[in-house]
Structure formats: C-alpha cells, structure tokens
Amino acid sequence: MDDQPVAATDDAAAAGAEAGPAIRLRCLSREYGERLALNRVDLDLARGETLALLGPNGSGKSTMLRVLATLLRPTSGEVSVLGSELPNSAWKLRGRIGYLGHEPLLYRDLTGRENLELQGRLHGIPKDEAAARIEADLEILEMSRRADDRVGGFSAGMRQRISICRAVLPRPELLLLDEPDSNLDPEGRELARALIGAAPGRTRVLVSHEPDRARAEADRVMVLGRRGEVELNEPTGNPPAGAGPAPGTGPALTNPGAVR
Amino acid sequence: MTPSRTAFAALLGKDLRTELRTMRSLPAMVLFAVTTFIIFRYSLDRTTLEGSLAGGVLWTTLLFASILGINRIFVSELEEGGFDAIRLAPIDRTVLFTAKASALFIYLAVLQVIVVPVFAIFFLSDFSALIPLVAVLLTVNLGFSVLGTLISSMAVNSRARDLLVPLLLLPLVVPLMIAATGASAGLFDAAGPDYDGFGSWLLVAGLYDGVFLLVGYAVFEFLLED
Numbered sequence: 000m001d002d003q004p005v006a007a008t009d010d011a012a013a014a015g016a017e018a019g020p021a022i023r024l025r026c027l028s029r030e031y032g033e034r035l036a037l038n039r040v041d042l043d044l045a046r047g048e049t050l051a052l053l054g055p056n057g058s059g060k061s062t063m064l065r066v067l068a069t070l071l072r073p074t075s076g077e078v079s080v081l082g083s084e085l086p087n088s089a090w091k092l093r094g095r096i097g098y099l100g101h102e103p104l105l106y107r108d109l110t111g112r113e114n115l116e117l118q119g120r121l122h123g124i125p126k127d128e129a130a131a132r133i134e135a136d137l138e139i140l141e142m143s144r145r146a147d148d149r150v151g152g153f154s155a156g157m158r159q160r161i162s163i164c165r166a167v168l169p170r171p172e173l174l175l176l177d178e179p180d181s182n183l184d185p186e187g188r189e190l191a192r193a194l195i196g197a198a199p200g201r202t203r204v205l206v207s208h209e210p211d212r213a214r215a216e217a218d219r220v221m222v223l224g225r226r227g228e229v230e231l232n233e234p235t236g237n238p239p240a241g242a243g244p245a246p247g248t249g250p251a252l253t254n255p256g257a258v259r
Numbered sequence: 000m001t002p003s004r005t006a007f008a009a010l011l012g013k014d015l016r017t018e019l020r021t022m023r024s025l026p027a028m029v030l031f032a033v034t035t036f037i038i039f040r041y042s043l044d045r046t047t048l049e050g051s052l053a054g055g056v057l058w059t060t061l062l063f064a065s066i067l068g069i070n071r072i073f074v075s076e077l078e079e080g081g082f083d084a085i086r087l088a089p090i091d092r093t094v095l096f097t098a099k100a101s102a103l104f105i106y107l108a109v110l111q112v113i114v115v116p117v118f119a120i121f122f123l124s125d126f127s128a129l130i131p132l133v134a135v136l137l138t139v140n141l142g143f144s145v146l147g148t149l150i151s152s153m154a155v156n157s158r159a160r161d162l163l164v165p166l167l168l169l170p171l172v173v174p175l176m177i178a179a180t181g182a183s184a185g186l187f188d189a190a191g192p193d194y195d196g197f198g199s200w201l202l203v204a205g206l207y208d209g210v211f212l213l214v215g216y217a218v219f220e221f222l223l224e225d
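Respectively, the protein sequence lines represent chains A and B. According to numbering that gives the first Met the number 0, the residues represented by the first sequence are 0 to 259, in order. According to numbering that gives the first Met the number 0, the residues represented by the second sequence are 0 to 225, in order.
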C-alpha cells in the first residue's frame with residue numbers, strides 16, 4: 000500500500016519523460032584538452048523529428064553525435080536524451096539508440112550475419128526475432144547473398160550496409176547517423192533509406208556533407224562553425240514525416256520490412 | 000538490461016570463435032614457450048632441473064608467453080571500433096571483463112596443456128609432480144587472466160600498448176610469480192614431490208586472485224569510459 004504513491008509518482012515521471020523532447024541540449028560544451036570541440040550548443044528536437052547537422056570538417060558534428068550516443072561525456076552543460084539526463088543516466092539509454100559512426104563497429108573475422116547475431120544477443124533480442132529482423136534487413140539492403148562471408152573481405156560499401164543493419168537491429172527510438180551515405184553507391188543509398196530514412200515516429204540526427212539532401216530530409220537544421228559554435232538552428236519548413244507510433248510500439252517492430 | 004549470462008556467452012563465444020578461425024594468439028604463445036624451453040635446455044646445459052630452478056624456468060616461460068596473449072586480448076575490439084558496439088549495448092560492462100578474462104584463462108589452459116608436457120620431457124626425470132601442478136597452474140592462470148585483462152584494457156588505446164602491457168604487468172605480477180614458484184619448487188624436488196609449504200603458497204596465489212578480481216570489478220567500467 001505504501002508503495003502506491005511512489006509508483007504513481009514514478010509512472011508520472013516516466014510519462015513526462017516520454018512526452019518530452021527526444022533531445023534537449025543546454026549550453027553543451029565538449030573539450031579535448033585545450034581544444035573546444037563543441038561550444039555552448041542549445042537544441043530542442045521533438046520526438047519523430049529529423050535534425051540535419053551540418054558544418055565544416057572539425058566543427059564538432061561527430062563529437063556531438065558521440066555525446067548523444069553516450070560514448071563521450073560532455074565537459075559541461077545539460078544533455079537530455081529520450082528523457083534521460085547524461086551522463087548520469089546513460090545506462091538507461093543503452094539499447095534505445097542506434098549509432099552509425101565512421102567506424103563500422105563490426106568484427107572483421109566474423110561473418111556479416113555473425114556480427115548481427117552477436118549484436119542481437121547483446122541487446123537481448125530473442126533468437127527467433129533477431130534472426131527474422133536480420134534476414135529482413137539484409138534482404139532490404141541486398142546483402143543476403145554475402146552475409147555469410149567474413150566482414151574482413153567486404154568492400155567499404157558492403158561493410159557500411161552491414162553496419163546499417165547493426166545500427167537498426169534493436170529497432171532504436173533514436174538514430175544517430177554520421178554520414179550514412181559514405182561508401183555507398185547510389186543504389187545502396189536508396190536501399191538504405193528504407194532502414195534509416197525519415198519515417199513516422201523515428202527520431203534522427205543526420206550528419207552530412209550534402210546540405211541540400213540533408214535539408215530535404217530534415218525537420219530542423221543545425222550548422223556548427225569551426226569552433227564548435229552554433230551558426231544556425233532553425234526548422235526547415237519541410238512537411239513532417241508523420242506523427243505515428245514510435246518505433247518499437249507498432250507493427251514495424253515485428254515486420255521490419257514494412258518500414259519504408 | 001540483457002541478462003549477464005546471455006551477454007557473457009555471446010562475448011566469450013565471439014572471442015573463442017575468432018581465435019579458432021584466425022589462430023592469432025595461441026600458436027605464437029606455444030611457439031614462444033617451446034622455443035624458450037629449448038634455449039634454457041641448451042644454455043643451462045642440463046638434462047634435468049629440480050626445485051626452485053625448475054619452477055623458475057617453467058613460470059618465467061609461461062609468464063612471457065602469456066604476455067603475447069594478453070597484448071592481443073582487446074585488439075579485435077580496437078580494430079573497427081568494436082568497443083563502441085559493446086558500450087552501446089544494454090549490458091553490464093563487467094560482463095566484458097569476465098568474458099575477456101575467461102577467454103584468456105582458456106588460452107592459458109590450452110597453452111599449458113601443450114607446453115607443460117614439453118617442459119616435463121625436457122627437464123623432469125619424474126612426472127609425478129604434474130598432477131598437483133595442475134592446482135598451481137589453475138590458480139595462477141586465474142591471476143594472470145584477471146590482471147592481464149585489466150592491464151590490457153588500460154593499454155589498448157595506446158599506440159605503445161605492446162610496450163605498456165609488460166611494463167605495467169611485470170611489477171604487479173611479482174607476488175603471483177613468487178607464490179607460483181614457491182608452490183612449484185617443492186613439487187619438483189629431486190626426491191619426489193614435497194608438499195611442505197605447498198598449501199600456503201597456493202593460498203597466497205588465491206588471495207592475489209581474489210584481490211585483483213575485486214579490483215577488476217570495481218574499476219573496469221571506468222576504464223571503458225572516454
């Protein structure tokens with residue numbers, strides 16, 4: 000009986016966190032020694048929106064993605080991702096974020112399928128469901144035929160395709176994509192959109208060196224300057240991708256191929 | 000959170016499968032140990048060794064051979080950024096520590112299954128010491144594995160990791176080596192295994208293992224932070 004008010008408070012807090020923005024940054028700064036990579040960045044990104052993160056080389060785009068992915072600690076400022084404050088509550092976010100970085104995060108001595116199965120087990124996805132998701136995602140990216148070859152023998156583009164499968168395998172609520180088109184041929188880029196493109200309920204941060212393309216896909220654009228400062232942060236005015244259910248709550252979870 | 004047992008099995012299975020496929024660590028460790036025994040055999044100009052000299056030759060060789068494996072235990076995570084994939088997964092970070100230490104323990108056990116008989120053929124006139132020696136090998140392996148995993152995780156991001164691992168490991172492993180040699184010396188007695196002091200040295204090695212297991216569980220998560 001005594002637990003009920005506490006439980007109710009927790010539920011209310013959880014509901015509030017779920018209803019809040021997907022990403023909320025206040026004065027986020029990150030330093031590498033003397034060098035300032037991110038300089039007092041503010042951002043509010045609603046759930047289901049896509050942010051295009053633009054800027055020259057060395058402006059802190061990848062650093063910002065790594066902070067959001069809980070892979071780097073912010074030096075100062077407030078960071079809230081999917082309702083969890085970073086870095087203290089980073090553990091709550093593990094498994095809810097899909098991260099596609101510069102490195103493919105794959106083991107070169109395992110096959111593509113073995114890499115994905117390993118990720119499935121680490122994310123606690125039941126074996127049958129993981130196998131179904133892997134098969135569907137590989138099919139979408141036209142990698143089924145080569146999935147049983149070792150990743151070390153893959154071209155950079157093929158590694159990127161498997162890496163995309165890895166990033167979306169847990170059906171994350173937030174996708175952090177650092178130049179997802181890199182190494183992909185035009186056909187691969189189109190195929191990849193089915194898994195990592197804008198979709199209802201999918202929150203994305205998209206780092207790109209193709210401003211026009213990134214703006215076309217995004218609800219909001221942020222441009223970082225050479226000293227990691229925000230030069231521009233505004234809505235793009237594109238029609239929203241939709242306000243459907245969040246990934247993981249609808250049929251897309253059990254039928255990955257349906258996410259297009 | 001993913002159940003720790005599932006994550007442990009996945010990570011250990013990955014390491015063992017990779018080693019079976021690539022044979023990056025074990026053949027080098029075995030070759031190093033056998034070559035060192037040959038060098039000792041001819042440089043000491045002895046066909047049999049007894050007591051602490053036999054223990055010293057065995058454990059010095061095993062220690063340096065194990066460094067080859069310790070150096071490589073996190074290399075697959077370093078290449079292609081595998082560390083980040085594990086850090087993004089909803090698993091307890093100490094599972095990685097346990098899985099890596101277990102993989103190293105298995106490598107060392109396989110190494111010893113191959114090279115301890117070679118040592119016996121080269122240097123022992125009486126093989127009766129080999130059965131009690133198994134207890135020493137297992138206890139010391141645990142210490143090597145735990146400490147090696149800890150040191151390797153600290154050094155893996157350094158360009159000088161091949162240098163850092165022995166520099167950090169060797170001073171810390173001295174107490175374990177003293178215990179290992181102390182426990183083995185009586186077993187290699189010329190008159191047959193002498194168990195005087197055997198239990199005490201084994202206890203020292205066990206305490207060492209316990210201390211570094213606790214240290215490993217306490218600090219490993221911080222070692223994985225940026």
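Since the hints were made in silico from the structure, they are not lab data. Quick caveat: nothing in here was measured; it's all calculated off a predicted structure. All C-beta atoms, glycine included, are put in the ideal place defined by N, C-alpha and C. Keep in mind that a hint or two might mislead.
Pairwise CB distance ranges, derived in the manner of DEER restraints [what the hints assert, rightly or not]:
#1 Asp195/B x Asp147/A: 51 to 59 Å
#2 Thr74/A x Gly198/B: 31 to 39 Å
#3 Ser154/A x Leu15/B: 49 to 57 Å
#4 Asp147/A x Leu223/B: 27 to 35 Å
#5 Asp127/A x Asp195/B: 54 to 62 Å
#6 Gly198/B x Arg72/A: 46 to 54 Å
#7 Arg144/A x Leu15/B: 23 to 31 Å
#8 Leu43/B x Gly156/A: 42 to 50 Å
#9 Arg4/B x Glu134/A: 20 to 28 Å
#10 Val173/B x Pro210/A: 56 to 64 Å
#11 Ser157/B x Asn56/A: 38 to 46 Å
Negatives, chain A to chain B, calculated, CB over 10 Å [to be verified]:
#12 Asn38
#13 Gly94
#14 Ile96
#15 Leu105
#16 Asp108
#17 His122
#18 Gly123
#19 Arg165
#20 Ser181
#21 Glu186
#22 Gly187
#23 Arg192
#24 His208
#25 Thr235
Here is what the structure says about each hint:
1. Asp195/B x Asp147/A: 51 to 59 Å: Given range 51 to 59 Å: holds, Cβ gap about 58 Å.
2. Thr74/A x Gly198/B: 31 to 39 Å: violated (53 Å)
3. Ser154/A x Leu15/B: 49 to 57 Å: 28 Å Cβ-Cβ, so the 49 to 57 Å window is violated.
4. Asp147/A x Leu223/B: 27 to 35 Å: holds (31 Å)
5. Asp127/A x Asp195/B: 54 to 62 Å: About 59 Å separates the Cβ atoms of Asp127/A and Asp195/B, which means 54 to 62 Å holds.
6. Gly198/B x Arg72/A: 46 to 54 Å: holds (47 Å)
7. Arg144/A x Leu15/B: 23 to 31 Å: holds (28 Å)
8. Leu43/B x Gly156/A: 42 to 50 Å: Between Leu43/B and Gly156/A, where Cβ atoms are some 58 Å apart, the hint is violated.
9. Arg4/B x Glu134/A: 20 to 28 Å: holds (26 Å)
10. Val173/B x Pro210/A: 56 to 64 Å: The hint (56 to 64 Å, Cβ to Cβ) holds, given that Val173/B and Pro210/A are roughly 59 Å apart.
11. Ser157/B x Asn56/A: 38 to 46 Å: violated (26 Å)
12. Asn38: Correct as stated: the minimum Cβ-Cβ distance to chain B is 19 Å, above 10 Å.
13. Gly94: violated (4 Å)
14. Ile96: violated (7 Å)
15. Leu105: Violated: least Cβ distance 6 Å, not greater than 10 Å.
16. Asp108: violated (5 Å)
17. His122: His122/A is in fact no farther than 10 Å from some Cβ atom of chain B, at 6 Å.
18. Gly123: Label violated. Min Cβ-Cβ 3 Å, cutoff 10 Å.
19. Arg165: Incorrect as stated: the minimum Cβ-Cβ distance to chain B is 7 Å, not above 10 Å.
20. Ser181: Since the minimum Cβ distance to chain B is about 14 Å, Ser181/A lies beyond 10 Å and the statement holds.
21. Glu186: holds (24 Å)
22. Gly187: holds (19 Å)
23. Arg192: holds (23 Å)
24. His208: holds (20 Å)
25. Thr235: Given that every Cβ of chain B is farther than 10 Å from that of Thr235/A, nearest at about 28 Å, it holds.
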